[in-house]
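Engineer: Chain B: place on chain A using the hints.
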Amino acid sequence: MNDEHPLSDALTGTLAHQVLGRLSEQPGPYFGEFGGRWVPEALIAALDELETEYRKAMADPAYVAELNRLHRDYVGRPSPLTEVTRFAQHCGGEAGNRVFLKREDLNHTGSHKINNVLGQALLVKRMGKTRVIAETGAGQHGVATATAAALLDLDCVIYMGEEDTRRQALNVARMRLLGAQVVPVTIGQRTLKDAINEALRDWVANVETTHYLLGTVTGPHPFPEMVRELHKVIGEEAREQILERVGRLPDVLAACVGGGSNALGLFNAFLDDPDVALFGFEAGGEGIESGRHAARFSGGAPGVLHGARSYLLQDDDGQTLPSHSVSAGLDYPSVGPAHSWLHDLGRATYRPVTDVEAMDAFQVLCRTEGIIPAIESAHALAGAIQVGTELAAAGKRDQVILVNLSGRGDKDVATAAKWFGLLDGETSEGDQ
Amino acid sequence: MSITVTSQTAALLDAVGAQGRPALMGYLPVGFPTVDRSIEAICAAIDAGLDIVELGLPYTDPVMDGPVIQRAAEQALAAGTRTADVFRVVEALKAHAPHVPVLIMSYWNLVLKYGVDAFARDLAGVGGAGIITPDLIPDEGREWIAAADEHGLDRVFLVAPSSTPERLQLTARASRGFVYAASTMGVTGLRDEVGAQARRLVADTRAAGAEHVCVGLGVSTEDQAAEVGAYADGVIVGTAFVRPLQGDVAWAERLDNLQAVTEKLAAGVARARKDA
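Chains A and B, in that order, are what the protein sequence lines are.
Quick note: the first sequence uses numbering that gives the first Met the number 0, first residue 0, plus one each step.
Quick note: the second sequence uses numbering that gives the first Met the number 0, first residue 0, plus one each step.
Honestly, the hints are just simulated from the structure, not real lab data.
Just so it is clear, CB atoms sit at the ideal spot from N, CA and C, and this is done for glycine as well.
Treat the hints with caution; some may be incorrect.
To be verified - If the Cβ cut is set under 10 Å, some of the chain A residues that face chain B in the computed set are:
no., residue
1, P28
2, V38
3, E40
4, A41
5, A45
6, R102
7, L105
8, Q188
9, I195
10, V206
11, V303
12, G306
13, Q313
14, T319
15, T388
Unchecked claim - Some chain B residues well away from chain A (every beta-carbon gap over 10 Å; in silico):
no., residue
16, D116
17, D121
18, E149
19, P160
20, T220
21, L254
To be verified - The following label-pair restraints were derived from C-beta to C-beta distances:
no., chain 1, residue 1, chain 2, residue 2, range
22, B, G114, A, I287, 39 to 49 Å
23, A, P321, B, V248, 25 to 35 Å
24, B, G114, A, L248, 56 to 66 Å
25, B, G194, A, L242, 50 to 60 Å
26, B, A202, A, R175, 37 to 47 Å
27, A, T208, B, A202, 17 to 27 Å
28, B, E192, A, G345, 47 to 57 Å
29, A, G290, B, R87, 25 to 35 Å
30, B, E262, A, D154, 41 to 51 Å
So here's chain B without its partners, still in its complex pose:
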């Protein structure tokens, strides 16, 4: 490939890795519970130790998400969240913390409808790092791969424990920034343990040519973050970040709870490679 793109996310993963730890990446949906509050929440998480933001676009049919994130997306949509809101949120986050890469996590029809190239252009325009694509495989990604090159964005495809060696290679080759390894077969949510298959998948994905591999799905506790962070470049947490923001308590208290969760997970990644 003749185009050279510097990956914001890879640079951060390298910098954090040089400090002897993996990165902590957190998922929160845009517009949950409102657009402005989602900005507040993510800024609070960044202040509490979040390294990379995974900003979810709420979608009506999130087939890779469990009930907690489904409900959050439903609430965000009911509050009137639109695709274009994501750019305002990225801009606000970059103003708050210029060094923190912000990736969009979106089901693909939303990007298709906006226009793949237009979305990439507008995302790059506000300093976004790239897009994580849970229901887009590289085989269908020709338009996005070209747009990501054109606008200098990371394209993060997923691998799963069921991926064959050929598909790991294909996906590693198509990805930039990192490859998102789904720790288990299933949807987002809390799990008692992150299986041994996650470790194997990370090793296999590296062997297939990926420079950086981050692990998501089912990681929710400090200990899990430490365990996964021992072998992955980054630990991705979703449901455990969304949950503190739900419920009936006052917003300030919810933000405190989110920060407490973030600090615990940050402590987990900080000791990930010291335990071993």
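If we strip away everything but chain A, and leave its shape as in the complex, we get:
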């Protein structure tokens, strides 16, 4: 380790006391003081069964081979790594910074979500269950789950906040085309958190036949560990690709963080490389001071929600606070426990990106590279612009920035068209 690097000092100072072995191999249920199983007893047997089956499967060459085959032939992995030279001009390009996008948007179904879904769906078959349920915010996880259910002949019910069914109408139609039943959730804030509540209620009642195909690195053990394992392929591929392309590790990783699955999937392969700086970008919504955001690390405190202890937007009584983001996929009051752990260790940095900053970056990528990103991923792009610009201003040169482009923006076209006033009869900011 490089002793002059402040991050290395932080690592040697804290990790020796808190971590057994490598960060990238940290097993559940606990990530430092985060994680655990804060769930009704009724679910424990199913969680135990899932953990057992997952560990058996991971050690079973037949399971691994089948998952790899699906990744290659069905998803289209490995996903490409694209250097974006025109976009890089906005990220301290004058200092020689280079930006690479990990193209999870090119996966079948349009986002990274499919990696986890296929892994879990194969486990469902092994467990002999016949029905999957899932929550979805932006609809990407719901679409991926509906896809896997069609492929593997499973009954599928997707819970989605009513507010989100409106914001993401196209994805609702996609799920229904794939044969899934989409249930709009009309209680609470009517977004992702309420969809998870409803999925948990369904699961408690139907756990014998049903698997809850949780879509991110949150929830009770073994989900945070298992979903990380199913997404870590993102970072493993990216590591190999960037080494081949530039001959060294990147300086900066950037990813958006809702529950945190695409971020952890990218970060994991680099967690034990202390010279790689890790940045997670949360939804800053209308700004932290507005109270309308989903920035758990800037505006939250540790608490328990949906089975895990983690940073959480909550009031003085521990009631969950409403979150807000232009991006349905980041609109969640808690975050995966491994991120809270990395945050407290100082291994990763989490910053809020506002709706406006994200939409600006969204437009920059469209116009400079011909790639329409998901609004979620646009938060990572905005972060890359900020960090790249800051590094250049600090006199650093030739920084290599790797951004996880976790999803494509087809689902967001209506939102973006409205935001930029691109519809007939409206003024277009972009044309000014």
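Structural biologist: Below, chain B without anything else, positioned relative to chain A:
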């Protein structure tokens, strides 16, 4: 364990059991429809035959509750109910009926945020009996187990039909007062029948070492109370108590309806062991 704690709830279950019947335990949320009215409602239910109070703390994300209790919690929160209100309610109930144990039913983040030891201290300070913890398993309960010993409170963990024998033992060992047996796999709400699995679960939980086992989830009618009360130490009713308090009719009429429901359920538990 070196600490000896006398359980208010166990003492009542024993006393009622000595009369040849199970106890009737009723759930109502604090602050529904307002804090003062929730006190009135529970006092009315006690007067109509409720033996033990399960006082719910309204929470934004009640994953073990069905729609009726979800809506009640939402309404209580919208009316401005705060965690600290629960202590005022317990105090009022103890003043009204000192012999009736009052347990808090709370999702755990509310207690965590208040501070586990502080909550236990303040609850014990107003005469509360303990806490029922729907989303806290003993595995995560170290802090609460210590606080309950320190402040002499009952800790009521849940078991479910899916619980393995090992988990029944673990839960029976960690609980004090009674073990809450969830009659079916699912959330709170009305059900046409309480399955045979409830009877089996109570027997298994006793075999795992529990001295008292009460049954909840889906019990709403006099006949169900009688059926479940034949084999359980207590019958826990939630949704059927909350429902009469909802709706557009005058408050006095809602209280009458609540008392009528309570009397029916009390009649159910009174004959539970005579039918058999």
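Engineer: Is the interface hint for G306(A) satisfied, with its Cβ closer than 10 Å to some Cβ of chain B?
Structural biologist: holds, 8 Å
Engineer: Taking the least C-beta to C-beta distance, is Q313(A) closer than 10 Å to chain B?
Structural biologist: holds, 7 Å
Engineer: Over 10 Å from every CB of chain A: does P160(B) meet that, or does the non-interface label fail?
Structural biologist: violated, 8 Å
Engineer: 56 to 66 Å was suggested as the range; check whether the CB atoms of G114(B) and L248(A) agree with it.
Structural biologist: violated, 44 Å
Engineer: Go through the hint on I195(A) and say holds or violated, using the shortest Cβ distance to chain B against 10 Å.
Structural biologist: holds, 8 Å
Engineer: Can the hint on R102(A) be confirmed by a CB-to-CB distance to chain B that is less than 10 Å?
Structural biologist: violated, 35 Å
Engineer: Double-check A45(A) for me: the hint is only fine if its C-beta lies closer than 10 Å to a C-beta in chain B.
Structural biologist: Holds, about 7 Å.
Engineer: Does the interface hint hold: is V38(A) within less than 10 Å of chain B, judged Cβ to Cβ?
Structural biologist: Because about 6 Å separates V38(A) from the closest Cβ in chain B, which is inside the 10 Å limit, the hint holds.
Engineer: Quick one: are G194(B) and L242(A) within 50 to 60 Å, going by C-beta?
Structural biologist: At 59 Å between Cβs, range holds.
Engineer: Hey, is D121(B) genuinely clear of chain A, shortest beta carbon separation above 10 Å?
Structural biologist: Fine: 14 Å to the nearest Cβ keeps D121(B) off the interface.
Engineer: Against chain B, is T388(A) within 10 Å by beta-carbon distance?
Structural biologist: Violated: closest Cβ of chain B sits about 38 Å from T388(A), beyond 10 Å.
Engineer: Would the stated hint for E40(A) survive a check requiring a Cβ distance to chain B of less than 10 Å?
Structural biologist: This hint holds: E40(A) lies near chain B, its Cβ roughly 5 Å from the closest one there, short of 10 Å.
Violated hints, listed in ascending order, are 6, 7, 15, 19, 22 and 24; each of the other numbered hints is respected by the structure.
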